[in-house]
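A.B. asks: One letter stands for each residue in the lines below.
Number of protein chains: 2
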Amino acid sequence: MSVTIKDVAKKAGVGLGTVSRVLNNHPSVSEETRKKVLDAIKELDYNPNAIARSLKVKSTKSIGVMIPDISSAFYPDIVRGIEDIANEYKYNIILLNTDLKREKEKEALIMLKEKKADGILFISNTISEKLKRDFKKVNIPIVLIATKDDESEFYSVTIDNERAAYEATKYLIKLGHKRIAMIAGKKEDPNAGIPRINGYKRALEESGLKLDENIIFYGDYKFKSGYQNMLKVLKLKDKPTAIFSASDTMAVGAASCAMQHGFKVPDDFSIIGFDGVELAEYFYPPITTVKQPRYEMGAKGMEMLIKILQGEDVEREVQLDFELIERSSCKVKGES
Amino acid sequence: MSVTIKDVAKKAGVGLGTVSRVLNNHPSVSEETRKKVLDAIKELDYNPNAIARSLKVKSTKSIGVMIPDISSAFYPDIVRGIEDIANEYKYNIILLNTDLKREKEKEALIMLKEKKADGILFISNTISEKLKRDFKKVNIPIVLIATKDDESEFYSVTIDNERAAYEATKYLIKLGHKRIAMIAGKKEDPNAGIPRINGYKRALEESGLKLDENIIFYGDYKFKSGYQNMLKVLKLKDKPTAIFSASDTMAVGAASCAMQHGFKVPDDFSIIGFDGVELAEYFYPPITTVKQPRYEMGAKGMEMLIKILQGEDVEREVQLDFELIERSSCKVKGES
DNA sequence: TCACTCCTTGGAAACGTTTCCTTAAAAAAA
DNA sequence: TTTTTTTAAGGAAACGTTTCCAAGGAGTGA
Numbered sequence: 001m002s003v004t005i006k007d008v009a010k011k012a013g014v015g016l017g018t019v020s021r022v023l024n025n026h027p028s029v030s031e032e033t034r035k036k037v038l039d040a041i042k043e044l045d046y047n048p049n050a051i052a053r054s055l056k057v058k059s060t061k062s063i064g065v066m067i068p069d070i071s072s073a074f075y076p077d078i079v080r081g082i083e084d085i086a087n088e089y090k091y092n093i094i095l096l097n098t099d100l101k102r103e104k105e106k107e108a109l110i111m112l113k114e115k116k117a118d119g120i121l122f123i124s125n126t127i128s129e130k131l132k133r134d135f136k137k138v139n140i141p142i143v144l145i146a147t148k149d150d151e152s153e154f155y156s157v158t159i160d161n162e163r164a165a166y167e168a169t170k171y172l173i174k175l176g177h178k179r180i181a182m183i184a185g186k187k188e189d190p191n192a193g194i195p196r197i198n199g200y201k202r203a204l205e206e207s208g209l210k211l212d213e214n215i216i217f218y219g220d221y222k223f224k225s226g227y228q229n230m231l232k233v234l235k236l237k238d239k240p241t242a243i244f245s246a247s248d249t250m251a252v253g254a255a256s257c258a259m260q261h262g263f264k265v266p267d268d269f270s271i272i273g274f275d276g277v278e279l280a281e282y283f284y285p286p287i288t289t290v291k292q293p294r295y296e297m298g299a300k301g302m303e304m305l306i307k308i309l310q311g312e313d314v315e316r317e318v319q320l321d322f323e324l325i326e327r328s329s330c331k332v333k334g335e336s
Numbered sequence: 001m002s003v004t005i006k007d008v009a010k011k012a013g014v015g016l017g018t019v020s021r022v023l024n025n026h027p028s029v030s031e032e033t034r035k036k037v038l039d040a041i042k043e044l045d046y047n048p049n050a051i052a053r054s055l056k057v058k059s060t061k062s063i064g065v066m067i068p069d070i071s072s073a074f075y076p077d078i079v080r081g082i083e084d085i086a087n088e089y090k091y092n093i094i095l096l097n098t099d100l101k102r103e104k105e106k107e108a109l110i111m112l113k114e115k116k117a118d119g120i121l122f123i124s125n126t127i128s129e130k131l132k133r134d135f136k137k138v139n140i141p142i143v144l145i146a147t148k149d150d151e152s153e154f155y156s157v158t159i160d161n162e163r164a165a166y167e168a169t170k171y172l173i174k175l176g177h178k179r180i181a182m183i184a185g186k187k188e189d190p191n192a193g194i195p196r197i198n199g200y201k202r203a204l205e206e207s208g209l210k211l212d213e214n215i216i217f218y219g220d221y222k223f224k225s226g227y228q229n230m231l232k233v234l235k236l237k238d239k240p241t242a243i244f245s246a247s248d249t250m251a252v253g254a255a256s257c258a259m260q261h262g263f264k265v266p267d268d269f270s271i272i273g274f275d276g277v278e279l280a281e282y283f284y285p286p287i288t289t290v291k292q293p294r295y296e297m298g299a300k301g302m303e304m305l306i307k308i309l310q311g312e313d314v315e316r317e318v319q320l321d322f323e324l325i326e327r328s329s330c331k332v333k334g335e336s
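Line by line, the protein sequences give chains A and B. So in our numbering, spot 47 of the first sequence is number 47, and the numbers just go up one at a time. So in our numbering, spot 56 of the second sequence is number 56, and the numbers just go up one at a time.
The set of hints was computed from the structure by calculation and includes no laboratory data. Some hints could be false.
Which copy is meant is left open, so a pair is good if it fits within one copy or across any two.
[Unchecked claim] In silico lysine-lysine, DSS-like type, Cα no more than 27 angstroms apart, as pairs:
id: 1; residue 1: K264; residue 2: K42
id: 2; residue 1: K137; residue 2: K35
id: 3; residue 1: K137; residue 2: K224
id: 4; residue 1: K130; residue 2: K235
id: 5; residue 1: K264; residue 2: K6
id: 6; residue 1: K58; residue 2: K90
id: 7; residue 1: K136; residue 2: K6
id: 8; residue 1: K174; residue 2: K264
id: 9; residue 1: K232; residue 2: K106
id: 10; residue 1: K116; residue 2: K10
id: 11; residue 1: K56; residue 2: K90
id: 12; residue 1: K6; residue 2: K137
id: 13; residue 1: K224; residue 2: K291
id: 14; residue 1: K187; residue 2: K132
id: 15; residue 1: K232; residue 2: K104
id: 16; residue 1: K35; residue 2: K90
id: 17; residue 1: K11; residue 2: K137
Everything numeric in this text was worked out from a predicted model, so none of it was measured.
Full structure from sequences and hints, please.
C.D. replies: Dropping the structure here:
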């Protein structure tokens, strides 16, 4: 029913192979026949079938993108970066939300395997041992974004979380703050959790400030946990003057909580966030943050993947630069 | 190199068709042979090839999702809704950003055509005549989300923008506000622009309030245009006491501007937004808004598409309910 | 025992390409 | 002119499935 290469061949009075050749710009076809074929294609409104092509050439020009949750503010920019590059190279992306659930990750992987995705981009802050094992045996090139594995068995693009947290804390110290609380991520999170806590501790230590484990609070990066941890901060007798939050969303939660309880930001609390999401920028006061180059992380990951697919070799672990963006949520301690 | 159905057949000592039958749970295969085949599959670690299957059955189980920009806060939730339903029915989604550019829309459509997407979900607030024409001749089922065409030639899922704007304005009026400005969308936008302006006007009119075209400001739904339009509001001698914004992001921009200039929200200005994005919820003060059921719009659109693909008939134009969410950015006029 | 059904099964054909092998024709060389 | 080389073109085979048709065998009823 739909018009195929065969119909075109017949119409143009040439062979099958010839049509295929003009379709793929093979050199050895005379100008004359090329024209005939092109005319036939136009006339019949022929449309190539990428599925049939894929079956033969064993490449689908599709990339699987596994992500915890596209509706979580951190991810869309990454995906945009991925798609832009993919598009440039004529690849498509298949988007899969996993919610970090083992079951969904497994299903997603199976789907991608069956649909013969040429490669996979895995975006997350954690990667489980099981998934790593699955990844290793699936035999599809994979690049990790915003996470990496300790053994460096996978390609990855990340930022230096430890140093970023260090810089953020250092920034607060530079402003004169001596008692700095941290609203951290998850204790067991090897990317957004631990390294950021370590960076915070190192900055304190290096500046000769006392580390008080009681003012490190653990959250899940979301608004509510920022808000609730701030509640705890407000109950402290010896309140900190500054807060480093491991996510912008928690920072905003903390700021909201403070303001709702009659405190001022940055007058009573200087707050610095992490990630660089829109919310931090548009909040009032705008939240100082260390921005992860999300778009670039996606773009870079996709570029690496394409290179891998083309057989070029690429650096195994890429670290992109973060950026400390000064806004209005932090001020010099004591100044009014 | 990779193991196929043929290898399985050989190993199990059965015919090709038989393997295919157990793979597809056809009834007519004895328990005994089914077992043999299953064993062979396990032993060889056989993995079906969806590409080959698609070629034969003429269905890829892939849905194209065309969206202006996934990194714009309005869209991710919609996509999440889509993907959840898709996933449930074993479909995959191919995500394409179009930036509302004709060229990219065209390319995306061609890609989807070649890759034989079973259906398309088009998300936007506008759809151009040209694209409509392309859609009509492409012969792939299409559902529009968050937009519709005047002629009702396409399936669509939207909300009643006029009524939503009406309710929002009415809400402000009920609070006692008499002079209500609007920060509107684009004058030529047939979905998020015009109807919302009309709803605003109707509410005013119906309540006997004077319509002042000078306090309708036009923006592009983004923060900056909210901020800048608010600047104009602040210059007015006869300032409004309330503002209805056609997007949350503009509402937040307006609120930021007001607060930065020493005004208070909601004391000096009651502000109501539109969309129900996270930013409005987490802003301080939290912004009252009329929430579009974005997740549900995506989910519903996908459900409709699946039904269409299964040959069931479905309602042509579906309107989902919006919800006015009261938060802290609006208060009774005059009250302190 | 024979004729009929019904249930399983095997395998060829088809889906729409690309690629490789041939061959015909044209061009170049002798 | 004849031989050799080059170029253009045709078409079969293959990619990995599904589906359809034919057929063997077992069961059933008379």
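A.B. asks: Does each hint fit the structure? Answer for all of them.
C.D. replies: To see whether the hints hold, each was checked on the structure:
Taking the shortest alpha-carbon separations for K264 and K42, neither the intra-copy value of 68 angstroms nor the inter-copy value of 64 angstroms comes in at or below 27 angstroms. Taking the shortest alpha-carbon separations for K137 and K35, only the inter-copy value of 25 angstroms comes in at or below 27 angstroms, while the best intra-copy value is 47 angstroms. In the homo-oligomer, the alpha carbons of K137 and K224 never lie at most 27 angstroms apart, since the shortest distance is 39 angstroms inside one protomer and 49 angstroms across protomers. Neither within a single protomer nor between protomers do K130 and K235 lie at most 27 angstroms apart by alpha-carbon distance, with minima of 41 angstroms and 61 angstroms respectively.
When the C-alpha separation of K264 and K6 is checked against a cutoff of 27 angstroms, the pair qualifies neither within a copy, at 74 angstroms, nor between copies, at 72 angstroms. Taking identical chains as interchangeable, the C-alpha atoms of K58 and K90 lie at most 27 angstroms apart whether they share a chain (16 angstroms) or sit on different chains (23 angstroms). For the identical chains of this complex, K136 and K6 are inter-copy neighbours only, at 26 angstroms across copies versus 41 angstroms inside a copy, given an alpha-carbon limit of 27 angstroms. For the homomeric pair K174 and K264, the shortest alpha-carbon distance inside one copy (20 angstroms) is at most 27 angstroms, but the shortest distance between copies (32 angstroms) is not.
Proximity of K232 and K106 under a CA criterion of 27 angstroms is satisfied in neither setting, with 39 angstroms inside one chain copy and 54 angstroms between copies. Proximity of K116 and K10 under a CA criterion of 27 angstroms is satisfied inter-copy only: 24 angstroms between copies versus 32 angstroms inside one chain copy. For a Cα distance limit of 27 angstroms, the shortest separation of K56 from K90 qualifies both inside one copy, at 18 angstroms, and across copies, at 25 angstroms. Proximity of K6 and K137 under a CA criterion of 27 angstroms is satisfied inter-copy only: 22 angstroms between copies versus 39 angstroms inside one chain copy.
Taking the shortest Cα distances, K224 and K291 sit within 27 angstroms of each other both inside one copy (21 angstroms) and across copies (20 angstroms). Proximity of K187 and K132 under a CA criterion of 27 angstroms is satisfied intra-copy only: 21 angstroms inside one chain copy versus 52 angstroms between copies. When the C-alpha separation of K232 and K104 is checked against a cutoff of 27 angstroms, the pair qualifies neither within a copy, at 35 angstroms, nor between copies, at 50 angstroms. In this assembly of identical chains, the alpha carbons of K35 and K90 lie at most 27 angstroms apart only when taken from the same copy (25 angstroms versus 43 angstroms across copies).
For the identical chains of this complex, K11 and K137 are inter-copy neighbours only, at 22 angstroms across copies versus 47 angstroms inside a copy, given an alpha-carbon limit of 27 angstroms.
Consistency with the previously given hints fails for numbers 1, 3, 4, 5, 9 and 15, ordered from lowest to highest.
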